[in-house]
Amino acid sequence: MNAHPALSGIALRLVAVFLITAMSALVHEVGTRAALGQIIFWRSSVALIPILGYMALRSELPKGLQTKHPRLHLTRGLFGAASMAFSFVSLIYLPVANAQALAYLAPVLTLPLAALHLREPLRPLTVLAVALGFGGALMMLWHALDGGQTALIGVAAGIAYALTMAVVRVHIKAMTRTESAATIALYFALICSGIGLATLPLGWPALSGTDLILLAIAGLLGGLAHIASTEAVARAPVSTVAPFDFTGLIWALGIDALLFRIMPTPLALAGMGVILLAGLIVIRQEMRPAKP
118 MNAHPALSGI ALRLVAVFLI TAMSALVHEV GTRAALGQII FWRSSVALIP ILGYMALRSE
178 LPKGLQTKHP RLHLTRGLFG AASMAFSFVS LIYLPVANAQ ALAYLAPVLT LPLAALHLRE
238 PLRPLTVLAV ALGFGGALMM LWHALDGGQT ALIGVAAGIA YALTMAVVRV HIKAMTRTES
298 AATIALYFAL ICSGIGLATL PLGWPALSGT DLILLAIAGL LGGLAHIAST EAVARAPVST
358 VAPFDFTGLI WALGIDALLF RIMPTPLALA GMGVILLAGL IVIRQEMRPA KP
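Count along the sequence shown from 1, then add 117; that gives the number in this note's numbering.
Hints were generated in silico from the structure; no laboratory data involved. None of the values given here were measured: they were computed from a predicted structure. The beta carbon of each residue, even a glycine, is placed where N, CA and C say it ideally should be. Keep in mind that a hint or two might mislead.
[Claimed, not checked] Distance windows between CB atoms, simulated:
no.: 1; residue 1: G265; residue 2: L124; range: 18 to 26 Å
no.: 2; residue 1: K180; residue 2: L269; range: 41 to 49 Å
no.: 3; residue 1: L337; residue 2: A128; range: 17 to 25 Å
no.: 4; residue 1: P318; residue 2: P238; range: 43 to 51 Å
no.: 5; residue 1: A291; residue 2: R378; range: 26 to 34 Å
no.: 6; residue 1: S176; residue 2: L337; range: 18 to 26 Å
no.: 7; residue 1: I379; residue 2: A323; range: 37 to 45 Å
no.: 8; residue 1: L314; residue 2: A291; range: 44 to 52 Å
no.: 9; residue 1: L182; residue 2: L337; range: 18 to 26 Å
no.: 10; residue 1: P179; residue 2: H260; range: 47 to 55 Å
no.: 11; residue 1: G371; residue 2: T149; range: 16 to 24 Å
Using the sequences and the accompanying hints, generate a full structural model.
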């Protein structure tokens, strides 16, 4: 028997964070040339490919298409679509690392929600880790408002994303008690695809072949990330995996430096160190044997 069952959830969350960060970089690259609804459609519809493949590998087709809780999926889809839209707006107007820093307000908001609605215990060291991660994110975000009105739009969208995503995460955790990870991801992708497609009459710009390929890759990465993320919270408490979202800032810093030639400030590097410390605290907490 695995002595540390939560560690598999942590590992899956780390994979999901990397995939989401890579997807965010692609959205940042294409976002100024594509319509928001267009990005949501491609991101969600292409994500159906890995999701259906995952269900087939687990022999969940066609059983996985059935659900006794359509209202839960609809609620998750609507909040998820709003969260996705806010996230993409933030990525369009801010560097990837700054947008990610704002997104990591979500784990801080998730902890009290999980304790209130899911009755998950709040360990003192876990709270400390999230507080440290939040502080590190603020350190990285210190210079984000130097960009004027454009940055303000991105910051406002990032805060809205954090609020809606905190609700989505707790909602998903409750759904995993009766629904499989693949089923949750499938209906989310279907609902968001429909919402994105509904914006077509508003006008979608013609994109180059390269941009379409980038959007397709973003969709594939997003589908894989949803599966990994949902499986993570199914295997471990929300309060355990939440602090590891902050590791995405490390990937975001590297992407900004290598692809977009945006170098981190010394304060941002210090924030990254604080985030790493937060992750190490939770790992140490999970490795301790449980008291009899």
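Checked hints:
1. G265 x L124: 18 to 26 Å: Since G265 and L124 have Cβ atoms about 44 Å apart, the given range 18 to 26 Å is violated.
2. K180 x L269: 41 to 49 Å: 48 Å, holds
3. L337 x A128: 17 to 25 Å: 21 Å, holds
4. P318 x P238: 43 to 51 Å: 49 Å, holds
5. A291 x R378: 26 to 34 Å: 43 Å Cβ-Cβ, so the 26 to 34 Å window is violated.
6. S176 x L337: 18 to 26 Å: 22 Å, holds
7. I379 x A323: 37 to 45 Å: 28 Å, violated
8. L314 x A291: 44 to 52 Å: 28 Å, violated
9. L182 x L337: 18 to 26 Å: Given range 18 to 26 Å: holds, Cβ gap about 21 Å.
10. P179 x H260: 47 to 55 Å: Holds: the Cβ-Cβ distance is about 51 Å, inside 47 to 55 Å.
11. G371 x T149: 16 to 24 Å: 22 Å, holds
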